[in-house]
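*Asks:* The listed protein sequences derive, respectively, from chains A and B. Here the working numbering is used: the first residue of the first sequence is 93, the next is one more, and so on. Here the working numbering is used: the first residue of the second sequence is 116, the next is one more, and so on.
Hint data in this document are derived by calculation from the structure and do not stem from the laboratory. Small disclaimer: the values here were computed from a predicted structure and weren't measured. Treat each hint with caution, since some may be false.
[What the hints assert, rightly or not] Coverage of chain A stretches by chain B, computed from C-beta distances (three or more under 8 Å per stretch; other residues unrestricted):
1. 93–100
2. 131–138
3. 141–154
4. 158–165
[As the list claims (entries may be wrong)] Taking lysine to any residue pairs in the SDA-like style, the calculated list, with each CA pair at most 20 Å apart, reads:
5. A:K163 to B:E264
6. A:K186 to B:I163
7. B:K230 to B:S183
8. A:K182 to B:S183
9. B:K187 to A:D178
10. A:K163 to B:D269
11. A:K135 to A:L147
12. A:K186 to B:A181
13. A:K186 to A:A217
14. A:K253 to A:E207
15. A:K277 to A:D222
16. B:K187 to B:V210
17. A:K182 to B:G177
18. A:K186 to B:K132
19. B:K187 to B:I211
20. A:K277 to B:D268
21. A:K135 to B:K187
22. A:K273 to A:F162
23. A:K133 to A:F269
24. A:K277 to B:M185
25. A:K285 to B:S272
26. B:K230 to B:S242
27. A:K253 to A:E214
28. B:K187 to A:G220
29. A:K285 to B:D267
30. A:K277 to A:D244
31. A:K285 to B:T266
32. A:K186 to B:M185
33. A:K133 to B:R213
34. B:K132 to B:D167
35. A:K253 to A:D236
36. A:K285 to B:P120
37. A:K273 to B:D271
38. A:K273 to B:K132
By construction, the Cβ of each residue, glycine as well, lies at the ideal position given by its N, Cα and C atoms.
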Amino acid sequence: MTFINYASREINCKIVYYGPGLCGKTTNLQHIYDSTSPQAKGKLISLATETDRTLFFDFMPLELGTVRGFKTRFHLYTVPGQVYYDASRKLILKGVDGVVFVADSQEERIDANIESLENLQENLAAQGYDLATIPYVLQLNKRDLPNVIPVDELSAELQVKGEPVFEAVAATGEGVFDTLKAVAKQVLTELRKA
Amino acid sequence: MAETPFILQERQFQRVKNVLVRLCVECAARAVFLVDRDGQPIAFHGDIGEMDTTSFGSLAAGNVAATSSMAKMIGEEVFPGVVHEGERESIYISVIGRSLLVVVFDERSTLGLVKIRSKRASYELASILDEAVAESASLKASSDGFFAEITDDDIDSLFN
Chain A
93 MTFINYASRE INCKIVYYGP GLCGKTTNLQ HIYDSTSPQA KGKLISLATE TDRTLFFDFM
153 PLELGTVRGF KTRFHLYTVP GQVYYDASRK LILKGVDGVV FVADSQEERI DANIESLENL
213 QENLAAQGYD LATIPYVLQL NKRDLPNVIP VDELSAELQV KGEPVFEAVA ATGEGVFDTL
273 KAVAKQVLTE LRKA
Chain B
116 MAETPFILQE RQFQRVKNVL VRLCVECAAR AVFLVDRDGQ PIAFHGDIGE MDTTSFGSLA
176 AGNVAATSSM AKMIGEEVFP GVVHEGERES IYISVIGRSL LVVVFDERST LGLVKIRSKR
236 ASYELASILD EAVAESASLK ASSDGFFAEI TDDDIDSLFN
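I would like the entire structure built from these sequences, with the hints used as guidance.
*Replies:* Here it is, written out as structure tokens:
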């Protein structure tokens with residue numbers, strides 16, 4: 093839920109990166125953090141296991157600029173992708189303003205993508221949200237690997253409402269900021285319209 | 116459709132700050148924070164040093180979210196208070212509706228004092244926040260409100 097503080101002149105929004113295990117959610121955030129100037133970001137918090145798998149969430153605050161004298165800050169979160177962390181994913185979605193679904197483009201991960209997308213819809217519904225109406229972007233990650241499903245085919249399988257689709261190689265940063273800008277724009281536009 | 120944003124006006128923010136300032140003094144706390152349960156810091160007061168208050172708020176919210184789920188698993192609706200005791204510094208988190216009151220204290224105070232003062236402060240804060248929530252809806256709906264002034268160009272300029 094967007095928080096607007098008239099005293100500090102800030103608009104704060106929450107974006108959650110969702111997707112199956114090892115699809116590149118944390119890598120997206122890592123690249124955003126590494127590429128952003130110190131003035132525009134806070135710390136990157138990663139609650140992870142000893143093998144660097146996300147255990148609870150990653151978090152970083154990002155300041156995009158000012159709109160009508162109000163600083164716009166986006167709180168970026170990732171969820172743990174492994175199947176058995178569903179309880180944690182439910183909690184992180186609370187208060188979400190926009191979602192990025194990061195899909196793993198590899199052929200062998202198609203089932204995991206579909207399962208994770210269904211899980212997203214269930215967990216959003218449990219919080220009273222509807223994927224059909226909230227700001228939402230689909231990222232097809234790992235496009236650099238040899239065994240990827242073609243973009244058209246993967247989009248047809250995973251797109252749910254004609255949302256913007258971005259190809260990405262999060263490990264190098266390709267497509268990461270395009271994805272973020274698209275969802276952030278949707279969130280701010282929705283704020284104005286609602 | 117998006118949820119109605121939570122809008123805190125200047126006068127409400129000042130009232131919240133006044134409660135936090137008083138609480139900090141009354142329980143001899145090092146610092147006091149009010150954090151939205153979604154992880155957004157609302158206000159704070161005290162000696163925060165180099166602390167990253169945004170990250171602190173996010174972690175406090177995650178902490179309460181996790182322990183609230185554990186509470187439900189054992190038949191409790193929520194744990195209204197969560198304590199973390201360190202060797203020198205401790206944290207007491209109390210749940211006030213959709214917000215969290217976080218008190219950081221050291222040997223200058225005691226858990227009992229922090230709990231009792233936090234309880235009183237939480238009633239005042241709940242009242243201010245309820246008022247803010249109620250006014251948020253009407254502010255949002257007003258055609259003279261801030262949101263109506265935002266243009267497509269304003270949003271596009273953020274990404275240039």
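*Asks:* Could you run down the list of hints and mark each one as holding or not?
*Replies:* Here is what the structure says about each hint:
1. 93–100: holds (count 8)
2. 131–138: holds (count 3)
3. 141–154: As far as the region 141–154 of chain A goes, the hint holds, because 4 residues have Cβ atoms under 8 Å from chain B.
4. 158–165: holds (count 4)
5. A:K163 to B:E264: Judged against 20 Å, a Cα distance of about 15 Å means the pair holds.
6. A:K186 to B:I163: violated, 27 Å
7. B:K230 to B:S183: This hinted pair holds, its Cα atoms lying about 19 Å apart.
8. A:K182 to B:S183: holds, 12 Å
9. B:K187 to A:D178: holds, 16 Å
10. A:K163 to B:D269: Distance of about 12 Å is within 20 Å: holds.
11. A:K135 to A:L147: Holds: K135 (chain A) and L147 (chain A) sit about 18 Å apart, inside 20 Å.
12. A:K186 to B:A181: holds, 12 Å
13. A:K186 to A:A217: Status holds; Cα separation ~11 Å.
14. A:K253 to A:E207: holds, 17 Å
15. A:K277 to A:D222: holds, 19 Å
16. B:K187 to B:V210: Distance of about 15 Å is within 20 Å: holds.
17. A:K182 to B:G177: Holds, at about 11 Å.
18. A:K186 to B:K132: violated, 26 Å
19. B:K187 to B:I211: holds, 17 Å
20. A:K277 to B:D268: holds, 11 Å
21. A:K135 to B:K187: Given pair K135 (chain A), K187 (chain B) is violated - Cα atoms ~31 Å apart, limit 20 Å.
22. A:K273 to A:F162: holds, 18 Å
23. A:K133 to A:F269: Distance of about 14 Å is within 20 Å: holds.
24. A:K277 to B:M185: Not OK: K277 (chain A) and M185 (chain B) at ~36 Å, beyond 20 Å, violated.
25. A:K285 to B:S272: Holds, at about 18 Å.
26. B:K230 to B:S242: With a Cα-Cα distance of about 19 Å, the restraint between K230 (chain B) and S242 (chain B) holds, given a limit of 20 Å.
27. A:K253 to A:E214: holds, 16 Å
28. B:K187 to A:G220: holds, 19 Å
29. A:K285 to B:D267: holds, 11 Å
30. A:K277 to A:D244: violated, 24 Å
31. A:K285 to B:T266: Judged against 20 Å, a Cα distance of about 11 Å means the pair holds.
32. A:K186 to B:M185: Roughly 16 Å between the alpha carbons, so the hint for K186 (chain A) and M185 (chain B) holds.
33. A:K133 to B:R213: Violated - the C-alpha atoms of R213 (chain B) and K133 (chain A) are around 26 Å apart, more than 20 Å.
34. B:K132 to B:D167: holds, 19 Å
35. A:K253 to A:D236: Given that 20 Å is the threshold and the Cα spacing comes to 26 Å, the pair is violated.
36. A:K285 to B:P120: holds, 12 Å
37. A:K273 to B:D271: Holds: K273 (chain A) and D271 (chain B) sit about 10 Å apart, inside 20 Å.
38. A:K273 to B:K132: violated, 34 Å
The structure is inconsistent with the numbered hints 6, 18, 21, 24, 30, 33, 35 and 38, although it conforms to all the rest.
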